[in-house]
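So the sequences go chain by chain: A, B, C and D. Just remember that our numbering sits 30 ahead of the position in the first sequence, which is counted from 1. Just remember that our numbering sits 389 ahead of the position in the second sequence, which is counted from 1. Just remember that our numbering sits 389 ahead of the position in the third sequence, which is counted from 1. Just remember that our numbering sits 102 ahead of the position in the fourth sequence, which is counted from 1.
Think of the hints as simulated: they come from the structure by calculation, not from any bench. By construction, the Cβ of each residue, glycine as well, lies at the ideal position given by its N, Cα and C atoms. There are no misleading hints in this set.
Here are the computed lysine-lysine pairs in the BS3-like style, where the Cα-Cα straight-line distance is at most 30 angstroms:
hint : chain 1 : residue 1 : chain 2 : residue 2
1    : C       : K489      : A       : K203
2    : A       : K81       : D       : K285
3    : A       : K203      : A       : K81
4    : C       : K489      : D       : K285
Across the chosen pairs, the derived CB separations fall in these ranges:
hint : chain 1 : residue 1 : chain 2 : residue 2 : range
5    : B       : S397      : C       : Q568      : 43 to 49 angstroms
6    : C       : G402      : D       : L118      : 32 to 38 angstroms
7    : C       : Q568      : D       : R169      : 55 to 61 angstroms
8    : A       : K81       : B       : A613      : 52 to 58 angstroms
9    : C       : A455      : B       : F504      : 54 to 60 angstroms
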Amino acid sequence: MSTRDLVLIALFAAVMAVLGAFPPLMLPIIAIPVTAQSMGPMLMGGILGAKRGVLSMLLFLVLVAVGLPLLSGGRGGLAPFVGPWSGFIYGWVLAALLIGWLTERFWDRLGPVSAFAFCVAGGIGVVYAVGVPWFAAMSGLGLLEAFAGSAMAFIPGDLVKATVASAAIVIVKRSYPLIGQGRTGAARA
Amino acid sequence: MIELLGVSLARGGRDVLSRLDLRLAERRIGVIGANGSGKSSFARLLNGLLLPTEGTVRVFGLDTAADGRAVRRRVGFVFQNPDNQIVYPTVGEDLAFGLKPLKLDRGELARRVSFALAEAGLAGFENRLTHELSGGERQMVALAGVGIARPEILVLDEPTTLLDLRNKRRVMARIDALQQTVVMVTHDLDLLSGFDRVLVFETGRLAFDGPPAEAIGAYRSLCA
Amino acid sequence: MIELLGVSLARGGRDVLSRLDLRLAERRIGVIGANGSGKSSFARLLNGLLLPTEGTVRVFGLDTAADGRAVRRRVGFVFQNPDNQIVYPTVGEDLAFGLKPLKLDRGELARRVSFALAEAGLAGFENRLTHELSGGERQMVALAGVGIARPEILVLDEPTTLLDLRNKRRVMARIDALQQTVVMVTHDLDLLSGFDRVLVFETGRLAFDGPPAEAIGAYRSLCA
Amino acid sequence: MMGGLYRPGDSRLHRLPAGAKLLFLAAAGTLAVLVSNPFAMAALLVGSLALFPFAGLSAAEAFRQLRPALPILLLLFLAQLWLADAASAALITMRLAALLLLASLVTLTTRVSDTVDTLERALGPLRRFGVDPARVSLAISLAIRFIPALGTVLSDIREAQEARGLDRHPLALAVPLVVRTLKMADEVAEAIEARS
Ligand SMILES: Nc1ncnc2c1ncn2[C@@H]1O[C@H](COP(=O)(O)OP(=O)(O)OP(=O)(O)O)[C@@H](O)[C@H]1O
Ligand SMILES: Nc1ncnc2c1ncn2[C@@H]1O[C@H](COP(=O)(O)OP(=O)(O)OP(=O)(O)O)[C@@H](O)[C@H]1O
Ligand SMILES: O=C(O)CCCC[C@@H]1SC[C@@H]2NC(=O)N[C@@H]21
Ligand SMILES: [Mg+2]
Ligand SMILES: [Mg+2]
Chain A
31 MSTRDLVLIA LFAAVMAVLG AFPPLMLPII AIPVTAQSMG PMLMGGILGA KRGVLSMLLF
91 LVLVAVGLPL LSGGRGGLAP FVGPWSGFIY GWVLAALLIG WLTERFWDRL GPVSAFAFCV
151 AGGIGVVYAV GVPWFAAMSG LGLLEAFAGS AMAFIPGDLV KATVASAAIV IVKRSYPLIG
211 QGRTGAARA
Chain B
390 MIELLGVSLA RGGRDVLSRL DLRLAERRIG VIGANGSGKS SFARLLNGLL LPTEGTVRVF
450 GLDTAADGRA VRRRVGFVFQ NPDNQIVYPT VGEDLAFGLK PLKLDRGELA RRVSFALAEA
510 GLAGFENRLT HELSGGERQM VALAGVGIAR PEILVLDEPT TLLDLRNKRR VMARIDALQQ
570 TVVMVTHDLD LLSGFDRVLV FETGRLAFDG PPAEAIGAYR SLCA
Chain C
390 MIELLGVSLA RGGRDVLSRL DLRLAERRIG VIGANGSGKS SFARLLNGLL LPTEGTVRVF
450 GLDTAADGRA VRRRVGFVFQ NPDNQIVYPT VGEDLAFGLK PLKLDRGELA RRVSFALAEA
510 GLAGFENRLT HELSGGERQM VALAGVGIAR PEILVLDEPT TLLDLRNKRR VMARIDALQQ
570 TVVMVTHDLD LLSGFDRVLV FETGRLAFDG PPAEAIGAYR SLCA
Chain D
103 MMGGLYRPGD SRLHRLPAGA KLLFLAAAGT LAVLVSNPFA MAALLVGSLA LFPFAGLSAA
163 EAFRQLRPAL PILLLLFLAQ LWLADAASAA LITMRLAALL LLASLVTLTT RVSDTVDTLE
223 RALGPLRRFG VDPARVSLAI SLAIRFIPAL GTVLSDIREA QEARGLDRHP LALAVPLVVR
283 TLKMADEVAE AIEARS
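The whole structure should be built from the sequences, with the hints applied where relevant.
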């Protein structure tokens, strides 16, 4: 892993933190935030690719776990990892992996539609696939009730976030590609 | 010390520098020229951050393409934007980063850091957050961070652009006091008065090479 | 044109500007002073990017606090760091962005963009990626991007820091030729010679206000 | 922000090594999941609460830690009451509350830098799998250093767009943010390389 990879990993962990600075929207009744941070795994996977994307998300979670208040609403520490909605956070890691893998795999043909599809598959599909069963297990609810109680309300917002993220991914592919070929500019020792 | 032998450089498919042959042994070397003429690219060649597409760059006899790491340990680089070269959240940690290769113990590390800070007029800044410093302070931290490893050559790319008169004087006084060889890219022609040799670039070629007064004259007439 | 009535500004709990009363009606107004003296904050007050903590700023009679949008449409702003205001990945797109409100057709848009680029000495740069330009090239793009919308007042915050002599002259000639009112913050005192009025700031207060030569003298003695 | 959520103090809990506290949390968490008797769970919850004054933290602090989770805890309690019975409703709610309190307690009494050091040491054995602990802690420092820098970039971009008359549009924010971030990555990587 090059120094540049290391820096990219750190920078996107910081991007994730900055996304957390947007005030979260607390839905009435359920206390799981609607947060700009669910865009994080999409940007990490779609721009950095699978390996760097996953490491970047892990780094972000380490920063949260060691006690920095970087989750939306200024939350942090270990509590967010043991709560009823923590499955979503673990889902972010797998989502970055899947989105990154798909993006790399179909890099040459990556366009707005495929990028959007990847973001939805990872950022919604995978995240909920981890988050909802976790929620069910922690709360003793059935899967269906858990889905209705946790995930449904987020879908519209997450679709909007997937749209924004996929557009960003495509524009970055055009102007500053990090996946596929190497960098523009001269070779580096 | 620094030798360029038939050096050309292409970036993004465009020729940025063409066939440079140079031997630089003076203590104070200035680099001036138009925007986009290749000054920053030239500076990056000197420590192997960029490698020539053709030809060879040698520093202390070391080929930058073969011995990049060894060259970089002896050539410090100060970038135009201090923000992007300050790596750590606090001033003290950032300076300590430059000493990492020496594997010093804690006490010695702290001693050298506070000495370097005092030298830069930043005594007691160890625990200040780097992003809360003023522009001039950040530029001084960047200089100190590079200087602390005592490189034998310092390459500076427009180190005074955002500074006011007072801070510019401080930075220049600091540079003046350095024992090391200094190669400085700048648009501020006033800074070059005490220099030994000034290179003038024009679209990737060396348009003039000589003492400051003549070089500035040549540059002015190029720009007319 | 521009009026400040009892204006004070606090940022992050610190007083940054204190009780300014000013009427600016001249065509060329310079702003100088030490790092951190409040020049950029002052500039941002003029188009409502910052609102005064106390007092009122009026531009063309409009209160910036009440009519921010209307004020910004008439006051163009060029930032210290060109990277901040380049919005699009290619030079052409970025310039076209400034023309959006005019709803021109494609051909006319392209024509105006290439004219503005030629004027800035960047003919043919339409498809260049903005992040691959040299520092000076980026600054010229930023200037062209704001100028293309033809605002009635132009506020420039150190617009020439990265420029070579030729581009600096080009910018100054361009500014000279403008019909519009120009307010320019700068550390480069040479740029002020043709100006009508220069404000000197010192820790948030107006330390001097008068013609360029006297103002520069006052600033130099403040820095001594 | 960089101080994190740590509350300075000198209690025994504060002085305990970070690694010990993390192990304790893992053990207590496992215990909480295994316990299925509501009375034992109540004891665990009371025990967690009792640790707060022991760490020099007030009851109000404990409540502050739980507050963000209160609505969902209440909701879950009601759902369980409706779906199952009072005993399991109490069990699940108390379990979650105890877990959250214990986790917060570790966070509140442990310095960020101590946790990072512990992490660096814990990663030592992974060296042979190509994990370099020094690179990990460099990445952590870099990320912490970049957060305020990106905050500045973000507000600069917003300001510039406002000045150029652009309405707030998420894409117009995301693209320059990402492109500038990538450019910054290049420059910082260059600087690290030049300095190491
Ligand atoms: N990463 C890059 N990829 C492609 N082209 C580049 C890159 N960096 C610089 N260039 C181009 O190389 C040429 C030389 O750039 P360089 O930065 O060396 O100029 P400079 O003399 O330092 O200019 P300035 O005075 O504006 O800083 C410019 O035309 C620039 O557009
Ligand atoms: N966002 C902010 N929050 C808090 N304080 C700020 C902020 N921006 C600037 N300041 C402070 O306000 C003061 C004036 O800053 P300003 O940027 O206006 O100075 P300046 O005269 O433009 O300096 P320079 O010549 O370095 O550009 C400084 O002390 C600065 O630290
Ligand atoms: O901040 C946290 O503690 C994690 C919250 C997880 C929120 C999930 S992620 C998917 C879904 N979309 C949202 O906007 N919020 C939820
Ligand atoms: Mg340059
Ligand atoms: Mg300023």
